[in-house]
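All chains should be built: construct the whole structure from the sequences, respecting the hints.
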Amino acid sequence: MSLSDDDSADIPETASRRQVEKAAGSHTFKIMGYSLEMEIGKGNCLESNTFNVGGYDWSIQYYPNGTIKAEDDQISIFIALKSKAKEVKTQASFIILNENGFPLSASRAFKVATLSNDKMPYWGFTNFAKRSTFESILKDDCLVIKCTVHVYKVFPVEALSPYHVPSPDVQHLSHLLEAGYGMDVTFNVNGQTFNAHKCILAASSQVFRAQFFGPLKGKTDAIIKIEDMEAPVFKSLLHFIYTQTVPEFQEINGSEKKHNSKLMAQHLLVAADRYSLEKLKIICESILYSSVDRRNVVTLLSLAEMHNCFHLKRACIKVLASPEILDEVLTTEQLKVGR
1 MSLSDDDSAD IPETASRRQV EKAAGSHTFK IMGYSLEMEI GKGNCLESNT FNVGGYDWSI
61 QYYPNGTIKA EDDQISIFIA LKSKAKEVKT QASFIILNEN GFPLSASRAF KVATLSNDKM
121 PYWGFTNFAK RSTFESILKD DCLVIKCTVH VYKVFPVEAL SPYHVPSPDV QHLSHLLEAG
181 YGMDVTFNVN GQTFNAHKCI LAASSQVFRA QFFGPLKGKT DAIIKIEDME APVFKSLLHF
241 IYTQTVPEFQ EINGSEKKHN SKLMAQHLLV AADRYSLEKL KIICESILYS SVDRRNVVTL
301 LSLAEMHNCF HLKRACIKVL ASPEILDEVL TTEQLKVGR
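When the sequence shown is numbered by UniProt numbering, its final residue is 339 and no position is left out of the sequence of numbers.
Treat the hints with care, since some could be wrong.
[Said to hold, decoys possible] Taking lysine to aspartate or glutamate and the DMTMM-like style, the derived pairs with C-alpha atoms no more than 20 Å apart in a straight line are:
| no. | residue 1 | residue 2 |
| --- | --- | --- |
| 1 | K69 | E39 |
| 2 | K318 | E305 |
| 3 | K30 | E13 |
| 4 | K130 | D57 |
| 5 | K30 | D118 |
| 6 | K30 | E158 |
| 7 | K153 | E21 |
It is worth saying that the hints were derived from the structure and are not from the lab. Just so we're clear, the structure is a prediction, and the values are computed from it rather than from any experiment.
Dropping the structure here:
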């Protein structure tokens with residue numbers, strides 16, 4: 001027996017949704033005079049300032065000699081919920097660092113736990129690590145604990161329409177760029193020409209908007225010449241405006257081409273800042289953030305300073321915090337100046 005079209009049309013359809021969001025944040029707890037803190041005895045803790053993640057206040061609780069239940073030669077570390085709350089789903093990881101930010105022990109993380117003021121206000125590790133594993137290499141009598149916290153917010157189940165509404169699609173704009181329909185502006189970049197649509201460029205960039213529709217719109221040349229930019233960089237810039245993607249970074253593989261992709265990210269970051277394309281700038285900065293090393297740290301630090309890239313600058317400073325790398329960089333720069 002089969003259902004006819006008329007019969008299936010009478011069957012009621014319903015839908016619902018359960019949504020979970022996650023917030024993340026980290027806090028570093030620096031303990032100066034670590035050897036003196038060891039005198040507080042077993043079962044006593046040092047507590048950090050409170051910090052907020054996901055709308056809740058937290059603190060790090062560190063036991064230099066472990067809790068009463070800890071094994072000998074073990075330290076204990078916990079995350080404590082300081083806000084008034086009945087149920088907070090959270091996950092946290094801890095790592096011990098020296099003053100220069102280098103790990104002294106392996107990172108440990110606990111699975112998602114539900115904390116509450118009444119039943120379980122803290123969670124962590126009674127036996128986190130042996131003191132002897134890192135005390136021998138501790139410098140300047142300083143120890144740093146870094147804690148990364150993830151907070152999960154679960155929304156009530158809500159009723160939905162059974163009809164699926166497709167997500168916004170920008171692919172039709174990329175087809176428009178490829179086909180060349182209705183283009184009304186031409187750019188000359190290092191001898192290579194590119195056609196585009198003023199309205200689409202203006203909608204994405206306030207710089208283009210001022211250029212095409214601002215007070216000086218009548219003085220725009222028929223062919224706009226772009227100075228101080230390579231043609232492949234401008235092509236990638238247009239591609240991003242029309243598609244919100246940067247495929248060049250995904251297509252390049254191999255060690256030599258990987259290096260070229262990082263170089264492209266540097267040039268594209270400059271172009272993104274020039275045309276106020278904040279999302280593209282963030283993408284480029286995130287690519288460069290993970291590639292900072294002793295070979296490029298000076299270049300990337302200068303780039304971060306010029307274009308106000310806070311996270312990239314922080315990554316460079318972290319690399320330069322190593323005395324060995326800093327001496328090497330200073331020697332190299334002095335040799336360049338002396339040439």
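Here's how the hints hold up against the structure:
no., hint, in the structure
1, K69 / E39, "holds, 18 Å"
2, K318 / E305, "holds, 15 Å"
3, K30 / E13, "violated, 57 Å"
4, K130 / D57, "violated, 29 Å"
5, K30 / D118, "violated, 29 Å"
6, K30 / E158, "violated, 44 Å"
7, K153 / E21, "holds, 5 Å"
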